[in-house]
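From first to last, the protein sequence lines are chains A and B.
As numbered in our numbering, residues -16 to 619 make up the first sequence, in order.
As numbered in our numbering, residues 2 to 107 make up the second sequence, in order.
I should point out that these hints are in silico values taken from the structure, not numbers from a laboratory.
Be a bit skeptical, because a hint or two may be false.
[Stated by the list, open to error] For each label pair, taking beta carbons as the anchor points, the in silico distance ranges come out as:
id, chain 1, residue 1, chain 2, residue 2, range
1, A, Arg593, B, Met73, 37 to 45 Å
2, A, Ile604, B, Ala8, 25 to 33 Å
3, B, Ser100, A, Arg592, 19 to 27 Å
4, A, Glu600, B, Leu60, 53 to 61 Å
5, B, Arg92, A, Lys582, 24 to 32 Å
6, B, Val74, A, Glu600, 27 to 35 Å
Note that the structure is predicted; figures quoted are calculated from it, not measured.
Idealized CB from N, CA, C, for every residue including glycine.
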Amino acid sequence: MQTLIPLIPFLPLIGFAINGLLGARLSKTVVGLIGSGSVLLSFILSVMAFMEVSATHHPVESQAYHFLSVGSLHISFGFLVDALSGWMMLVVTGVGFLIHVYSFGYMYDDDGFCRFFTYLNLFIFSMLLLVMGDNFLMLFFGWEGVGLCSYLLIGFWYTNRAYNHAANKAFIMNRIGDLGLLLGMFLVYKTFDSLHFGEVFSRLQTDPVETGVITTICLLLFVGAIGKSAQIPLYTWLPDAMAGPTPVSALIHAATMVTAGIYLVARCNGLFSLSETALMTVASVGLATSLLAAFIGLRQNDIKKVLAYSTVSQLGLMFLALGMGAYTSAIFHVTTHAFFKALLFLGAGSVIHAMGGEQDIRNMGGLRKHLPITFWVFLIGTFAISGVPLLSGFFSKDEILAHTFDHGGVAWWALASFSSLLTAVYMGRLFFLTFYGAFRGTHEQEHHLHESPATMTIPLIILAVLSVVGGLFNLPHIMHTEPSQWLAHWLSGNGLNGQPVIPAIEGHIEASTEWLLMGIASLVAVAALLYTYMTYTKPQHVPLPDEQVSGLGKLLAEKFYVDELYDAVIVRPIEFFSRILHYYVDVWAIDGIVNGVGKGIETLGGQFRRLQNGNIEYYLIGMVAGSIALLLTYFL
Amino acid sequence: MLEIVKAVPIDYFVYLCTVLFVIGVLGVIVRRNAIVVLMCIELMLNAVNLLLAAFSTYLSDAQGQIMVFFIMVVAAAEAAVGLGILVMIYRNTKSTDISMLDNLKW
Chain A
-16 MQTLIPLIPF
-6 LPLIGFAING
4 LLGARLSKTV
14 VGLIGSGSVL
24 LSFILSVMAF
34 MEVSATHHPV
44 ESQAYHFLSV
54 GSLHISFGFL
64 VDALSGWMML
74 VVTGVGFLIH
84 VYSFGYMYDD
94 DGFCRFFTYL
104 NLFIFSMLLL
114 VMGDNFLMLF
124 FGWEGVGLCS
134 YLLIGFWYTN
144 RAYNHAANKA
154 FIMNRIGDLG
164 LLLGMFLVYK
174 TFDSLHFGEV
184 FSRLQTDPVE
194 TGVITTICLL
204 LFVGAIGKSA
214 QIPLYTWLPD
224 AMAGPTPVSA
234 LIHAATMVTA
244 GIYLVARCNG
254 LFSLSETALM
264 TVASVGLATS
274 LLAAFIGLRQ
284 NDIKKVLAYS
294 TVSQLGLMFL
304 ALGMGAYTSA
314 IFHVTTHAFF
324 KALLFLGAGS
334 VIHAMGGEQD
344 IRNMGGLRKH
354 LPITFWVFLI
364 GTFAISGVPL
374 LSGFFSKDEI
384 LAHTFDHGGV
394 AWWALASFSS
404 LLTAVYMGRL
414 FFLTFYGAFR
424 GTHEQEHHLH
434 ESPATMTIPL
444 IILAVLSVVG
454 GLFNLPHIMH
464 TEPSQWLAHW
474 LSGNGLNGQP
484 VIPAIEGHIE
494 ASTEWLLMGI
504 ASLVAVAALL
514 YTYMTYTKPQ
524 HVPLPDEQVS
534 GLGKLLAEKF
544 YVDELYDAVI
554 VRPIEFFSRI
564 LHYYVDVWAI
574 DGIVNGVGKG
584 IETLGGQFRR
594 LQNGNIEYYL
604 IGMVAGSIAL
614 LLTYFL
Chain B
2 MLEIVKAVPI
12 DYFVYLCTVL
22 FVIGVLGVIV
32 RRNAIVVLMC
42 IELMLNAVNL
52 LLAAFSTYLS
62 DAQGQIMVFF
72 IMVVAAAEAA
82 VGLGILVMIY
92 RNTKSTDISM
102 LDNLKW
């Protein structure tokens, strides 16, 4: 098995190479087969690796290539399949495969079909490098790679200027976070003299390190996570990233890339657990983001933007969980979120496909009759994300809320629950406005409405099933079912050096309190959904056109003017300085010198060419004078 | 025989050949008729030949005269080529005036 491990990321890379170089000459079916097939093979190999780790209780390590040795720094392209990375590999390749199959149907009529699958495969390769890497540098390779693929895929329809701006925004904001990640990595190397996860975390146990250094490392790594996982203040790229095709939004901006930040913090849980400051920062930023994004999502009218803000909000909840020390709950929520968010996005794609490209929910309505399968799967997704009891989202969200109550107290729990309430409200609003009521679009759109083909609906159904049963992965103890807390046990299994990858945490709340919390959360979710059902199925509550919105609603609809704030405070000054530098340094000074050298030589040459005047006598005199001068040098 | 030739001091040969050479150089520079230029070139070469022959006799060294042979052969070949060029010049410009060839300029 060890020798097969490098194949897991390299199969999608080979798919990328084949589709990239030869794809234009291959038929669409072959391109789709290569693209999806490579991810499927990676999934199968991941399952095999998972079984091996499960059987031997020991992680699988595999070194592919020795990269560099400088002083005491030895980096190799090494892969580590332990409990955490094994699980993430399954999620990435599994959900990735379903999205590849969906893309076959969704992008079939697009000219860039082959390019799309090329980029998707490159993305899966990078993401696998990220989660499988056994040292910080491999993680960073994957980190940058997914950032690049995000840029390529957001700006997929590159002829549109606005989409290019969105792609730039995503990449630049990512890079700002990456600075933090790099600085964190440098500090890790300086403190622990290695970048290898096993070595760093074992040296953490043996040599004491001052808390200040640990806190700095954790905060710097968290800055990287803020950029990648769209937390305050680097979240504004994610809603703009909806410019990309819907499968991209599902894969990158819901299921996988944005969870890279969570993975990073979970992987470094040993470091974070030693710094209360860092944990508090993570939790605060997470909770604040969760609330802010939920508020904004309440008044968005583009189906994908609502889901985008929902993603930001749910990521905030995951970071809250990490900040409360409940790393396993965060990973559990990552998994269930991947299922239902991918489901919701792909369902939205199905709706957009049926509506011929329309994305504004004010022009939809009553799609329940026309798109039955999409309706049912979207219903399941909405209920799952809202936390309706017994679906997957209920269990994962509840675990986060319970740990928040336990570790942080009532205030934190209340705010987090409020965020969950808002989740149910905006999702219910989205769902009922889209699928119930009267159809508000044009006649042509109504004629065009049709259910999506099988390549699109089958992944939707699979994801819906996973969204329903996903809760089984980590049932709480109080439900007294077997097996309970399976994921927590799995993740606390043996990592490198026999240490648990994510140590299991003790919960200090009583069973009765936990039932009470669960009950409150369920009631809140169901009540919110009922409220939205009663409100948004009525025509008078259809959202107003943009011009007529005012007051608090306008503030939310305009996203609290955060983008405008960034534009005024950061972008404009930078552009101003850029213009000054351009004019004075670039054009005036540097171009002046370079062009000046050219002009000087031109002038000099202009003088020299006068020697060539065509007059033969002149040349002959020159010859004679020259030979005399030459002879004279022998005598003088 | 040698004594008869040595009656004339070597200096006179040097002066003579220098004068001949300088006349040749001036002719090449000043004259515009291509045939005259070629003749002046021959004059320069022959001046050198004369000098070499004179020194060869005065120093009783045959090397000078052997060099004269070489120079004569080369002069003959070069004269042939020069006349060929002259014929082409005439065919293209209908005159032997070398100042007509002034197109290769800036």
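Cross-check of the supplied hints:
Look at Arg593 of chain A against Met73 of chain B: about 40 Å separates their beta carbons, and that is inside 37 to 45 Å. About 40 Å separates the C-beta atoms of Ile604 of chain A and Ala8 of chain B, a value inconsistent with the hinted range of 25 to 33 Å. Ser100 of chain B and Arg592 of chain A have their C-beta atoms about 20 Å apart, which keeps the hinted 19 to 27 Å range intact. Between Glu600 of chain A and Leu60 of chain B the C-beta distance comes to about 39 Å, which lies outside the given range of 53 to 61 Å.
Take Arg92 of chain B and Lys582 of chain A: their Cβ atoms lie about 44 Å apart, and the range 24 to 32 Å is violated. Look at Val74 of chain B against Glu600 of chain A: about 29 Å separates their beta carbons, and that is inside 27 to 35 Å.
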